[in-house]
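K.L.:
Below, each chain spelled out in residue letters.
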Amino acid sequence: MGRITPLLWLLFSAGGTVAALLFPVHLFLTGLAFPLGWLEAPRYEFLLRLVTHPLIRLYLFVLISLPLFHWAHRFRYTLYDGLQLKHLTGLIAVLCYGAALLGTAMTAHLLWNIQ
Amino acid sequence: MSVEPRYTLYHPRWYRRRVSVWWWLQNRSYAEFVLRELTSVFVAFFAVVYLWQLRALAQGPEAYGQFLARLKTPLFLALDAVAFLFVLFHAITWLNLTPKAMVMRLRGKRVPDWVILSSNYAAWLVLSGAVAFMLLRG
Amino acid sequence: MPSTVALTVARYRPEKESEPTFQTYEVPFRKDWVVLDALNHVKDNLDGSLSFRWSCRMGVCGSCGMKVNGTPKLTCAIFLSDYLPGPIRVEALDYFPVVRDLVVDLTDFVRKLKQVKPWIIRKDEKPPAEGEYLQTPDQVDTYKQFSMCINCMLCYSACPIYGLEPSFIGPAAIALAQRYNMDSRDQGAAERLKILSEHDGIWQCTFVGECTKVCPKHVDPAGAIQQYKLTAATHWVKSLLLPWGTR
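As you go down the protein sequences, you meet chains A, B and C in turn. Note that the numbering used here has the first sequence beginning at 1, numbered continuously upward. Note that the numbering used here has the second sequence beginning at 1, numbered continuously upward. Note that the numbering used here has the third sequence beginning at 1, numbered continuously upward.
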């Protein structure tokens, strides 16, 4: 585990930065402003066209997958330290990073195939 | 002496207190730290919501309509509101800690913290504006 | 201004008890007294059996660290007047084994400090005839802050990770390793990387930041650790991309 810790930390840092800079605006719009009608939500056709652009596909991949790895790393340590679940450390690591990998794979699959 | 002296071979017994599982409630700093760490759960929550939105988009207008309707339910509005607050807390604590974690040196002198901080927040504003512009066009 | 203030002090006498108890003393209140003065008053006039460490009484030796009202402090650096009306609770530092009363055993830290090799490591020594190693003020500035550490252990006592995981190498050790890594005269960064990038090294730290908050010499160990994480991660990437040489 010590051999890939630097990689996991880099993913955590990158994910944290992506989440810090981009999630507030995305969450505000998609989760609050659009459903509540404060701002006009984009139409389906417009969004579909936007998402199929190759640069936007890349952007969305980074936007979703990196924060998932950020969560995985941070949550793993929160369970380990906060709840002192030391005896389950292997299982926790597999569940957290596994979930992040799964989410990343699903995102990649969707973004590759969407049109 | 009422108790037999507790001596090991070379020195008296040390006292070691076991750290309680509630250690993080002992003071405000620790509690804030754990709150900060828990923001990652809401970050993951929103990543999943976006993944779900992507899936709904791919499945066609009816599926997407259903997705939008779900987001309008009180449950999701409440979840999103709470998530927004936590994500904001993550963003502010993360951007504020960057100058400590990344020391940049320009021509031998350390770049002052306020320069890094203000560039972070400027980048935050610019990127948020760009995203809003892209999404509000149609 | 009151004429006395109460000091509630943790006592632990292994020959008498199996757990710490508390004893309260009324000490005179003087506006220029620090908590260490009050403890010395207790030892000199009220209870000679109270055990605690102190030395320079001016914040440079790091001996008098104790937990005061729940926070690790140097008792020679905090005034009684800041803790009115009292009672002031004085205990031994957290996360270290208590030997007696307010005295803790610091062997664990000393061992870890040795592991990070806190000295200038050179591959090639300059002969004395060639003169000293020269440094510009900017070069000193890169590591000066980390050299201020007085090994007082307040940071270890504040770090919840050290409390939960006693094998964690800890803030002061990493800050001191950085003090030498950043020193332009030093050539030992690679040797220290081996120890620090182990499981119980820097990667245990989750940037709680308490260590920096309690440090009396403004060393900022939390900053040192995060900076070193980036260095170690960069080194790891480089060794992956260029396996034949990263010196």
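Worth flagging that the hints you see were computed from the coordinates, not collected in a lab. Where hints are given, some of them may not hold.
Unchecked claim - Residues of chain A placed beyond 10 Å of chain B at every Cβ, according to the derived structure:
id : residue
1  : I4
2  : L10
3  : A19
4  : P54
5  : L58
6  : P67
7  : W71
8  : R74
9  : L83
10 : T89
11 : L91
12 : A93
What the hints assert, rightly or not - Partial selection, computed: residues in chain C whose CB lies under 7 Å from chain A:
id : residue
13 : S81
14 : Y83
15 : L164
16 : A233
17 : W236
Computed from a predicted structure; not experimentally measured. Just so it is clear, CB atoms sit at the ideal spot from N, CA and C, and this is done for glycine as well.
K.L.:
Compare the structure with each hint and give your call.
P.N.:
Hints versus structure:
The beta carbon of A:I4 is kept farther than 10 Å from every beta carbon of chain B, the shortest such distance being approximately 19 Å. The Cβ of A:L10 sits about 13 Å from the closest Cβ of chain B, beyond the 10 Å cut-off, so the non-interface label holds. The claim that A:A19 lies off the interface is violated: its Cβ sits roughly 5 Å from the closest Cβ of chain B, which falls inside the 10 Å cut-off. With a least CB separation of 15 Å from chain B, A:P54 remains clear of the 10 Å interface cut-off, as annotated.
Look at A:L58: its CB is around 13 Å from the nearest CB on chain B, clear of 10 Å, so calling it non-interface holds up. Against chain B, the non-interface label of A:P67 is violated: not every CB pair exceeds 10 Å, the least being about 5 Å. Not every CB of chain B is more than 10 Å from the CB of A:W71 (nearest about 4 Å), against its label as outside the interface. Non-interface status of A:R74 relative to chain B is broken: a Cβ of that chain comes within 10 Å, the nearest being about 4 Å off.
Look at A:L83: its CB is around 7 Å from the nearest CB on chain B, not clear of 10 Å, so calling it non-interface is violated. Once the 10 Å rule is applied to beta carbons, A:T89 is consistent with being away from chain B; the minimum gap is 16 Å. Even its closest Cβ contact with chain B, about 18 Å, leaves A:L91 beyond 10 Å, as expected for a residue assigned away from the interface. With a least CB separation of 15 Å from chain B, A:A93 remains clear of the 10 Å interface cut-off, as annotated.
The beta carbon of C:S81 comes no nearer than 37 Å to any beta carbon in chain A, farther than 7 Å, and the hint placing it at the interface is violated. Contact between C:Y83 and chain A, as hinted, is not supported at the beta carbon level, the nearest pair being about 31 Å apart and thus beyond 7 Å. Interface hint at C:L164: satisfied, since its Cβ lies 5 Å from the closest Cβ of chain A, which is below the 7 Å cut-off. Here the hint on C:A233 is kept, as its CB sits about 4 Å from the closest CB of chain A, short of 7 Å.
Using the Cβ-Cβ criterion of 7 Å, the hint placing C:W236 at the interface with chain A is satisfied: the shortest such distance is roughly 4 Å.
Violated hints, in rising order: 3, 6, 7, 8, 9, 13 and 14; the structure is consistent with all others.
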